[in-house]
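K.L.:
Going line by line, the protein sequences match chains W and Y.
First residue of the first sequence: 1, per our numbering; consecutive thereafter.
First residue of the second sequence: 1001, per our numbering; consecutive thereafter.
Incorrect hints may have been included.
With a straight-line Cα cutoff of 20 Å, these simulated EDC-like cross-link-like pairs (lysine to aspartate or glutamate) come out [as the list claims (entries may be wrong)]:
hint, chain 1, residue 1, chain 2, residue 2
1, Y, Lys1073, W, Glu102
2, Y, Lys1073, W, Asp161
3, Y, Lys1128, Y, Glu1107
Coverage of chain Y stretches by chain W, computed from C-beta distances (three or more under 8 Å per stretch; other residues unrestricted) [as the list claims (entries may be wrong)]:
hint, region
4, 1034–1041
5, 1081–1090
It is worth saying that the hints were derived from the structure and are not from the lab.
All C-beta atoms, glycine included, are put in the ideal place defined by N, C-alpha and C.
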Amino acid sequence: MVHLTYFFAVYGSLINFIGINVLLALSLYVTLSAGQLSLGNAAFAGIGGYTAGILTTQFGVPYLLSLLAGALMAAIVGFLLGMPVLRLRGVFLAMATLSFGEVVRIAAINLKITGGAEGLLGMPAYTKTWFIYLVIAVVGYFLSRLRYSRAGWSFESIREDETAASAMGINTIYYKTLAFTIGAFIAGLAGAMYAHLNYIITPGEFGFSAAVNLLIYCIVGGSRVWYGPVFGAALLTALPEILRGIGVTAGPIRMFVNGLILLIVILFLPNGLISLFQRRRKVAVSVLAGAGIGDN
Amino acid sequence: MLLEITQITQHFGGLCALAGVSFGVESGSVHGLIGPNGAGKTTLINILSGITPATSGTLRFDDRRIDTFPAHKIASLGIARTFQNIRLFPALTCLENVIAGQHLIAERPLLPRLLCLPGAIRQEAVYKQQSLDILVRVGLADRADFSAQHLSYGERRRLEIARALASCPRLLLLDEPVAGMRRQEMLSVAELIHTLSQEGMTILLIEHNMAFVMELCSQITVLNFGSVITTGTPAEVGRHPEVIEAYLGKSDQDA
Ligand SMILES: Nc1ncnc2c1ncn2[C@@H]1O[C@H](COP(=O)(O)OP(=O)(O)OP(=O)(O)O)[C@@H](O)[C@H]1O
Ligand SMILES: [Mg+2]
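With the rest of the complex left out, here is chain Y (with noise of 0.2 Å):
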């Protein structure tokens, strides 16, 4: 298991987001993580990636606890996310963008920058050539030089997945990153997220779209009123009963 949660309980003041969460994500997997709204998956997104603290339970990343750990220390250790409310920096342009998101992999010392050293020059035009790939993949080359506030709603999703691949993590967080989405755009997401888990890259997925969590995840976890309902392959979750119920009741939300 390259992450583990354990017993992850969250309380705000007299709600109870999260009641007692476990379950595992595989090394190298697509981990599926669905359930109806309000059922507190991105509560859980932003208690693995230390934006808000657990009010109680433990996190294990490759065998080391991180749960006291601030969110800075965590994504150096190799997790990266995008969110669900978009938070990009909309000011800078997507090239700039990514460049920013390469803050853990990039050590851009000042001194050689004062000095104009041709080294610090040449290396910058390595990490510049690295983002410009990165936006290749998500397909936002011609997208480089633009704002990114002035991005389509799809695009700026694209941008932020391309700001979290930019510090090269082992496991990415992606919390419904093609809520939104037409269908092309959709599968071109979907084609991007099996090619990142060929490669190696374990991610953890939040979606709402069935036919795509189905498709693209190994294993999935159900979450339901801030409990965990099942954990199991596409197959296992698609026929278990409690599954269904949550979801024969709220599916026409959730659409």
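Here chain W stands alone, though its shape is the one from the complex (with noise of 0.2 Å):
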């Protein structure tokens, strides 16, 4: 008990920045199971954040109403920008949704409700630990029943041949722009949660670097299945204590680490590290799943 006491004193507050993470991993996830590649999650997880922490500390809103507003405004900005840019493909769209996170970060340093560049203060802590790994479990249950529901097979298909996929019956725009929203409540659900960590949020956490890290993330765990993103956000958020640990305090290193596990996967491992541990089963599973009863 002591040992515990001591272990979430040193290493509480990572264990919370790892939760939040693994849900914006989970975000980008839902998107990208849909073969879009969006750029902009971290940027709804920036529209949650201060959605939720104005309601909080300027309207007095309870928290658990906070976050589902937070998580509702960035869906809802997520449709409407959905609409448009998901009719393009590829890097044009990596690139509009980049551009969107950009209008966003540059509105939260330029708006007073905001608070501008030294962002939003005053959040209390209200985030517990135990709660941010219950919403993990709660989205990654949704995400594994998704999976093999008809939106579900809509989006892999889609990621698939979205020709084929349309010549087959299904609404490729709807089902994009459905994936796109759901991710994007994700994303803000997350960001409202994290706003109420640290007391503060400022607009370069939900920057550039943060919406291509979440990307990291997903290669390195492997965006084929729901724990692939869980898997690389917790490795990865993690990687630098765990490197502390093992002596190496370096900056640098580090980096080269973090690089080097990169480009490991994107040459060997095309589905993710979470791969290396599939593939025995790989077979079994498909068979299970097709029921239903897999939980994948």
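Dock chain to chain to rebuild the complex, using the hints, since each chain is given by itself in its own frame.
P.N.:
Here you go:
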């Protein structure tokens, strides 16, 4: 018990941070599962975070309600953004969502209500560790069921071949927008929870590098099953601490290890690190999964 | 007529791929669409399935105008297709490809799944059995759990037919379904097409193998340089002078 308390005192904020990043990676997983490369999910987290933070600090809205409002606000913006930009494909969609992220960041810097460049201050630390992990469990369960629903199969079909999917009767615009909106909702929720961890949020936290990091979590973990991004986010967020544990403290070496992992995965494991654990039971799982019994 | 094609024209920039194509496809028939390379056969199938909109002309399916519909809406009326340059879902297994193809007939609602209701699991077992039955029909039952990208060329063509059948279409558009197949495999596909037709499915078949087309089709439309030369029974088409001319000039390339 003493050990556990000590552990949390030292690593508590890291554990919280891992949880938030896992949720953000899951948000991007949904969008990627429909084959859409979005770099806007960090901005959706920002929208959720600022919305929830403003509601609790300036309007006295209860915590849970502020989370819902933050997630919904991100989802609405995601829906409105998705309608025009999801007609773009591949790298053009990535660029459009990236510029959207910049617009959100610059708006947060320049608006009065968001607290400008210094950030939004005064959020009480309502978000508890157990709550973060409860939300991860709920979202993970939701996504595992979504995968074998009609929407999940549509996402999968669109990701594999959009033209063939539309010839099969799938309304690709509808399902792409749906995936994008669900992703924005989860990102907004994660952002809203994050805003109530540390008293302060600043525009820079939701910028370009955050957006790219989310993509790296998904690539490294593997984005074909929902627990791939969970693994990727947890591993890469904890990596600096793990490296410190084995005696590597110099910053550049950490960056090097990060980059090396990404490179190895891209070159040799197109389905992410998680595929290392999957390969042997692949056939068995796919048989069960068709009947809705499999859990991935 | 189940499908009526009227004055369909398609321009790609300066190129006129189809110039006022008109013909009808009788309900329950196997209708052949033949013509030399570049005649515009695939272009026409792409228009019929809503993948590319025609420059002008009208399409009627079941007395309903469909030429302005997007691809998914046309599919939802009961028109399924395969692609000449095979478009499977490569990372999915054969079974999963067919399951994905059930989009139009399988509800698969989310809520009962979230609640783990037994009804949802039972229903899924039914869908899965239907998919397996279709794999049996195309002779891929033993490949159910193989990833689609690991199939042979002919197997991939047959899997594409299976995926198209999964939505129980009324009209099936096949773009060179036996290209690259060995004789035995080709015969099994011919038999499948024949059976499907007897079950009441209407089939529009593009194919270069003349014996295959002559054997299976009750009506054949010949296309050349984007225009219809003639539509008629295999015997009528076979002795049409313009058809003989078009094919004698090109036949060695089409084999
Ligand atoms: N998207 C496109 N853009 C420009 N030209 C095109 C396009 N699609 C087809 N074409 C041209 O239209 C003509 C008809 O092509 P199409 O693919 O329909 O022929 P086809 O009858 O299917 O031939 P094949 O037997 O070789 O499959 C060809 O000259 C082709 O180059
Ligand atoms: Mg063709």
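K.L.:
Check each numbered hint from earlier against the structure, then list the numbers of those it violates in ascending order.
P.N.:
Per hint list: 1, 4 violated.
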